[in-house]
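Based on the sequences and whatever the hints tell you, model everything.
Listed below, chain by chain, are the residues.
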Amino acid sequence: MKKVIVIGNGMVGYKFCEKLRAKADASQISVTVFGEEPLPAYDRVHLSEYFENKSEDKLLMAPRSWYEEQNITLKTGQLVTGIDRIGKHVTTHTGASESYDYLILATGSSAMVPPIKGVDKKGVFVYRTIEDLDQIIEYAKTVKRGAVLGGGLLGLEAAKALMDLNLDAQVIEFAPKLMPRQLDEAGSNMLKSKIEALGIEILMNKNTKEICGNGKLDRLEFTDGTTLETEMLVISCGIVSRDELAKSCNLDRGARGGFKVNDRLQTNDPDIYAIGEAVSHNDMIYGLVAPGYDMADTVVDQLIGGKTKQFTGADMSTKLKLIGVDVGSFGDALGLTEGSIPIAFEDKNAGVYKRVNLSADKKKLLGGILVGDCKDYSMLLQITQNGMAIPPNPEDLILGARGGGSVGGGIGDLPDTAQICSCENVTKGAIVSAIKDDGITDLKEIRTCTKAGTGCGACSPMVSDICTATLKSMGQTVRKTLCAHFDYTRQELYSIIKVKEVKSFNELLNAYGSGDGCETCKPAIASLLASIWNDQILKQDTIQDTNDRFLANIQKGGSYSVVPRIPGGEITPDKLIVIGQVAKKYDLYTKITGGQRIDMFGAKLNDLPKIWRELIDAGFESGHAYGKALRTVKSCVGSTWCRYGLHDSVSFAIEIESRYKGLRSPHKLKGGVSGCRRECAEAQGKDFGLIATEIGYNLYVCGNGGANPQHAKLLAGDVDEKTAIKYLDRFLMFYIRTAEPLNRTSVWLNKMEGGIDYLREVVVNDCLEIGEELEKDMQALINSYHCEWKEAVDNEDMKRKFRHFANSDEDDPSLQFVPMREMKKPAEWDEVKS
Amino acid sequence: MNQQTLSYQTVNTEDVKIWFEACTVTDFPSDGGLCINYEGLQIAIFNFSRRNVWYATQNLCPHKKQMILSRGMLGSEGEEPKVACPFHKKTFSLESGKNLNGDECDLATYPVKVENGSVYVGFA
Ligand code: SRM
Ligand SMILES: Cc1cc2nc3c(=O)[nH]c(=O)nc-3n(C[C@H](O)[C@H](O)[C@H](O)COP(=O)(O)OP(=O)(O)OC[C@H]3O[C@@H](n4cnc5c(N)ncnc54)[C@H](O)[C@@H]3O)c2cc1C
Ligand code: SF4
Ligand code: FES
Numbered sequence: 001m002k003k004v005i006v007i008g009n010g011m012v013g014y015k016f017c018e019k020l021r022a023k024a025d026a027s028q029i030s031v032t033v034f035g036e037e038p039l040p041a042y043d044r045v046h047l048s049e050y051f052e053n054k055s056e057d058k059l060l061m062a063p064r065s066w067y068e069e070q071n072i073t074l075k076t077g078q079l080v081t082g083i084d085r086i087g088k089h090v091t092t093h094t095g096a097s098e099s100y101d102y103l104i105l106a107t108g109s110s111a112m113v114p115p116i117k118g119v120d121k122k123g124v125f126v127y128r129t130i131e132d133l134d135q136i137i138e139y140a141k142t143v144k145r146g147a148v149l150g151g152g153l154l155g156l157e158a159a160k161a162l163m164d165l166n167l168d169a170q171v172i173e174f175a176p177k178l179m180p181r182q183l184d185e186a187g188s189n190m191l192k193s194k195i196e197a198l199g200i201e202i203l204m205n206k207n208t209k210e211i212c213g214n215g216k217l218d219r220l221e222f223t224d225g226t227t228l229e230t231e232m233l234v235i236s237c238g239i240v241s242r243d244e245l246a247k248s249c250n251l252d253r254g255a256r257g258g259f260k261v262n263d264r265l266q267t268n269d270p271d272i273y274a275i276g277e278a279v280s281h282n283d284m285i286y287g288l289v290a291p292g293y294d295m296a297d298t299v300v301d302q303l304i305g306g307k308t309k310q311f312t313g314a315d316m317s318t319k320l321k322l323i324g325v326d327v328g329s330f331g332d333a334l335g336l337t338e339g340s341i342p343i344a345f346e347d348k349n350a351g352v353y354k355r356v357n358l359s360a361d362k363k364k365l366l367g368g369i370l371v372g373d374c375k376d377y378s379m380l381l382q383i384t385q386n387g388m389a390i391p392p393n394p395e396d397l398i399l400g401a402r403g404g405g406s407v408g409g410g411i412g413d414l415p416d417t418a419q420i421c422s423c424e425n426v427t428k429g430a431i432v433s434a435i436k437d438d439g440i441t442d443l444k445e446i447r448t449c450t451k452a453g454t455g456c457g458a459c460s461p462m463v464s465d466i467c468t469a470t471l472k473s474m475g476q477t478v479r480k481t482l483c484a485h486f487d488y489t490r491q492e493l494y495s496i497i498k499v500k501e502v503k504s505f506n507e508l509l510n511a512y513g514s515g516d517g518c519e520t521c522k523p524a525i526a527s528l529l530a531s532i533w534n535d536q537i538l539k540q541d542t543i544q545d546t547n548d549r550f551l552a553n554i555q556k557g558g559s560y561s562v563v564p565r566i567p568g569g570e571i572t573p574d575k576l577i578v579i580g581q582v583a584k585k586y587d588l589y590t591k592i593t594g595g596q597r598i599d600m601f602g603a604k605l606n607d608l609p610k611i612w613r614e615l616i617d618a619g620f621e622s623g624h625a626y627g628k629a630l631r632t633v634k635s636c637v638g639s640t641w642c643r644y645g646l647h648d649s650v651s652f653a654i655e656i657e658s659r660y661k662g663l664r665s666p667h668k669l670k671g672g673v674s675g676c677r678r679e680c681a682e683a684q685g686k687d688f689g690l691i692a693t694e695i696g697y698n699l700y701v702c703g704n705g706g707a708n709p710q711h712a713k714l715l716a717g718d719v720d721e722k723t724a725i726k727y728l729d730r731f732l733m734f735y736i737r738t739a740e741p742l743n744r745t746s747v748w749l750n751k752m753e754g755g756i757d758y759l760r761e762v763v764v765n766d767c768l769e770i771g772e773e774l775e776k777d778m779q780a781l782i783n784s785y786h787c788e789w790k791e792a793v794d795n796e797d798m799k800r801k802f803r804h805f806a807n808s809d810e811d812d813p814s815l816q817f818v819p820m821r822e823m824k825k826p827a828e829w830d831e832v833k834s
Numbered sequence: 001m002n003q004q005t006l007s008y009q010t011v012n013t014e015d016v017k018i019w020f021e022a023c024t025v026t027d028f029p030s031d032g033g034l035c036i037n038y039e040g041l042q043i044a045i046f047n048f049s050r051r052n053v054w055y056a057t058q059n060l061c062p063h064k065k066q067m068i069l070s071r072g073m074l075g076s077e078g079e080e081p082k083v084a085c086p087f088h089k090k091t092f093s094l095e096s097g098k099n100l101n102g103d104e105c106d107l108a109t110y111p112v113k114v115e116n117g118s119v120y121v122g123f124a
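Top to bottom, those sequences are chains A and B. Numbering follows this note's numbering, in which position 354 of the first sequence is assigned residue number 354; successive positions increment by one, without gaps. Numbering follows this note's numbering, in which position 69 of the second sequence is assigned residue number 69; successive positions increment by one, without gaps.
Please keep in mind that the hints were generated in silico from the structure rather than gathered at the bench. Using N, Cα and C, we set each Cβ at its ideal position, and we do this for glycine too. Any given hint could be a false lead.
[What the hints assert, rightly or not] Only part of the chain B face toward chain A is listed, based on derived beta-carbon distances under 7 Å:
1. Lys17
2. Asp27
3. Gly32
4. Met67
5. Met73
6. Ser76
7. Pro86
Okay, here's the thing in structure tokens:
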């Protein structure tokens with residue numbers, strides 16, 4: 001009979017016992033476990049749930065009785081302090097000693113605490129054990145603000161915990177990114193806005209210099225000189241393996257600490273194995289359970305004499321476990337592989353960012369990032385791990401196959417051997433047979449009988465997919481309906497409004513919707529009504545998005561910005577002077593925008609009509625900077641001055657901007673006209689762009705800067721100005737009719753079946769025979785153009801809408817500005833006091 | 001913390017001591033709000049005309065402490081009438097003041113009555 005001692009009764013130490021007993025009983029291998037913590041092993045992965053249920057039992061991997069039943073001697077509250085490799089026995093802090101044939105080191109890790117001045121202060125905690133949580137809970141009762149040091153997986157989880165303890169919580173990250181090891185910049189930005197929406201403040205690029213306060217902390221100082229008032233700090237800067245025991249009995253350690261092991265997980269003493277977070281395998285430390293469980297498996301195999309299984313490294317794919325914030329990162333997430341090709345998709349509106357990295361030959365999926373929508377996580381992970389074939393248009397991996405359907409042919413294509421749950425190593429075949437053979441129908445039962453999804457839970461969505469697929473209940477609709485109040489797509493509503501001549505939101509809601517509407521459908525319908533009837537939007541001001549409602553962009557603090565139209569960026573000295581005078585008179589911050597015009601910020605609501613009166617009298621019009629509407633048509637100086645210019649790009653830009661000004665659309669529209677192929681107007685970065693050629697213009701469409709830059713595609717080459725405008729009319733109208741709400745032209749084209757070729761068929765070759773109709777609709781909109789601001793300031797009732805108080809003409813006394821470079825800026829969110 | 005927030009206290013109809021005549025019905029847009037000044041306290045009054053009900057809440061959005069809710073958008077979630085803040089679209093129940101899509105602290109609410117064309121807000 002072999003005698004095995006396990007040091008450490010954590011998740012992996014426990015899993016080792018479980019797996020060993022499945023293969024060998026006490027008569028073959030006796031097991032003694034030493035655990036430093038007072039409790040038997042508990043589920044650290046779900047530690048945060050302790051905040052809600054406060055129940056230790058719920059977290060236990062198994063009750064004490066289980067160890068007895070399994071004939072395992074469990075000694076908790078016992079710290080092993082020494083190993084005598086020659087005498088083959090261990091000693092504990094109580095002096096007790098015990099001999100072994102094989103020793104398993106499962107000592108895990110502890111939180112890494114950076115050597116910052118003041119870390120020893122009262123109010124500084126780590127986040128690793130139930131004791132830590134008890135202390136955090138107690139202390140939190142006495143304070144209002146708490147910060148977390150470290151914006152990684154754990155840090156964010158800790159921050160949410162602090163928030164749930166009713167603290168106002170901040171996350172401090174040293175790197176310029178959140179979850180720096182898992183996310184790229186775009187992913188991090190999207191995650192940041194989601195976390196901030198939860199009400200958690202995020203400070204990046206912050207290097208903490210000192211933790212200040214006498215006795216207990218009350219302030220953090222950063223190296224950039226800034227400070228943060230906080231009463232509590234949870235440190236979550238990574239882990240360090242618990243390899244203390246290595247020194248005393250000179251076992252080798254890895255470069256970054258941890259017991260150094262070979263592929264059989266043996267230390268330099270063949271009778272001593274190490275598993276879990278305590279291990280350094282090829283100088284790699286795995287801070288996740290799945291690899292630890294895999295190691296436990298390997299060692300069990302060694303001990304029962306299988307000696308076949310080896311540990312050759314593990315996948316670091318992870319998901320963040322924050323309710324409401326889906327984040328997944330798998331395989332080579334950052335695309336570090338030589339020659340890998342990234343494909344990214346971002347929807348600011350829906351708060352979704354997805355990225356996949358393809359191999360240089362575009363044949364295999366290397367890894368990727370999912371923020372805001374993880375439903376395809378497991379599928380993509382599977383494709384990556386099983387080297388499965390990827391779809392002909394790889395972008396389908398993240399956009400979903402055209403017309404819905406799930407990525408890469410869906411779970412149907414998965415081999416039965418595919419590992420679905422990596423924590424419990426459950427294959428697709430096992431789940432399918434549980435359903436087919438054991439007649440199991442719901443997820444809970446599947447979890448209990450196969451254990452799938454009982455680990456980190458990342459695979460749960462896929463388990464349920466397999467369930468539904470196997471149960472042949474494939475019935476998911478892909479209609480993107482507007483919201484709970486309208487069971488129609490935007491395109492359907494477009495036709496309804498047009499055909500039934502619906503003029504108001506309430507008419508439409510009463511006839512085709514339910515409830516009272518919401519902040520999603522109201523602006524969408526408002527935009528449709530404007531795109532179809534082009535009526536003064538202030539007649540239904542309360543369904544307009546906030547910027548539209550006051551014909552100005554709202555700013556931090558509640559002031560507004562004023563952007564008069566400056567077509568093509570051309571402006572006379574006199575008009576420049578007027579802008580200067582107005583800005584001076586109303587104390588406005590002025591800036592040249594990225595759109596070749598001038599923005600005046602910091603206007604008081606009550607001043608807006610006065611400001612616009614003066615601008616309009618000087619011949620300005622609304623620039624619609626506040627609307628999902630035509631913004632600017634950027635021009636380059638062109639042939640009038642430029643030595644290379646082929647045509648007069650400025651005049652043409654002005655003509656086009658004046659033609660489409662006031663046009664409302666699913667998202668904002670921007671254009672550009674360049675006088676030659678040097679492209680100084682960046683026309684290929686716009687929703688529509690014209691570049692002069694020897695004999696005419698090349699017309700490009702569906703370009704985009706901003707969040708997901710995308711070059712415009714050539715729609716028609718060498719066309720004359722008249723033809724260019726005809727195609728533009730058709731193109732814009734077709735976009736307005738068919739796009740989803742808040743989709744830029746680029747996103748719209750990316751979703752379009754047949755892509756640019758199909759669009760060309762419609763616009764240039766008129767394959768749908770709607771060309772004339774589209775031109776007619778556009779002409780009607782152009783004819784009905786009116787300057788919203790002129791109407792507003794000419795109309796007393798509308799003017800009255802621009803008041804802060806209904807019962808006084810005062811401005812909002814809580815508006816606050818601070819000086820900046822001889823001008824002003826709004827006080828920061830948190831500086832505001834009233 | 002913002003002084004204004006501290007001075008916002010929900011008032012129940014039975015506790016009303018002063019009915020403050022704030023403004024007239026005709027001042028209001030349909031299904032929209034206005035802000036009124038009551039002794040330095042900014043109150044948002046909402047005319048939920050679809051239901052023909054009136055509501056009043058604090059004008060300060062608890063999220064980023066912005067004096068803005070009167071410019072918010074009205075709507076419903078299920079049966080719950082709500083207002084969405086213009087800044088980050090946090091939504092609050094007009095009945096209870098509860099934050100419906102986050103953990104912001106709730107809004108103080110005030111009773112409103114309309115008598116021959118005038119809108120009154122109740123204070124304790
Ligand atoms: C003022 C300006 C920045 C500046 O000082 O230069 C600006 C300011 C804002 N931009 Fe912009 N954008 C400005 C040029 C741009 C440009 C550059 C350009 O147009 O050549 C881009 C990239 C090009 C593009 O749009 O394709 C740009 C990409 C965005 C985006 C991302 C759009 C996207 O498709 O990813 C947003 C967010 C959105 O629209 O949803 C945005 C949104 C905004 C908003 C409206 C956000 C908001 O709702 O408050 C900012 C408020 C403006 C204000 O308060 O008046 N702004 N914005 C520029 C105004 C241009 C103008 O004269 O109208
Ligand atoms: C809040 C939180 C969330 C997490 N979320 C995830 C997640 O979503 N997904 C994921 O894969 N992983 C997650 N992890 C990581 C995961 O918990 C660890 O990978 C896992 O617990 C490692 O198990 P282990 O047994 O190696 O180490 P541990 O669980 O740390 O167990 C080691 C045990 O050994 C004891 N010990 C140490 N030295 C001695 C000694 N000399 N004598 C006796 N006993 C000793 C320790 O006290 C400890 O109880 C999370 C961790 C935390 C803290
Ligand atoms: S695009 Fe051509 S014409 Fe226009 S400024 Fe540049 S070089 Fe000159
Ligand atoms: S300030 Fe109201 S939601 Fe942010």
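Hints versus structure:
no., hint, in the structure
1, Lys17, "violated (19 Å)"
2, Asp27, "holds (5 Å)"
3, Gly32, "holds (3 Å)"
4, Met67, "holds (4 Å)"
5, Met73, "holds (5 Å)"
6, Ser76, "holds (4 Å)"
7, Pro86, "holds (4 Å)"
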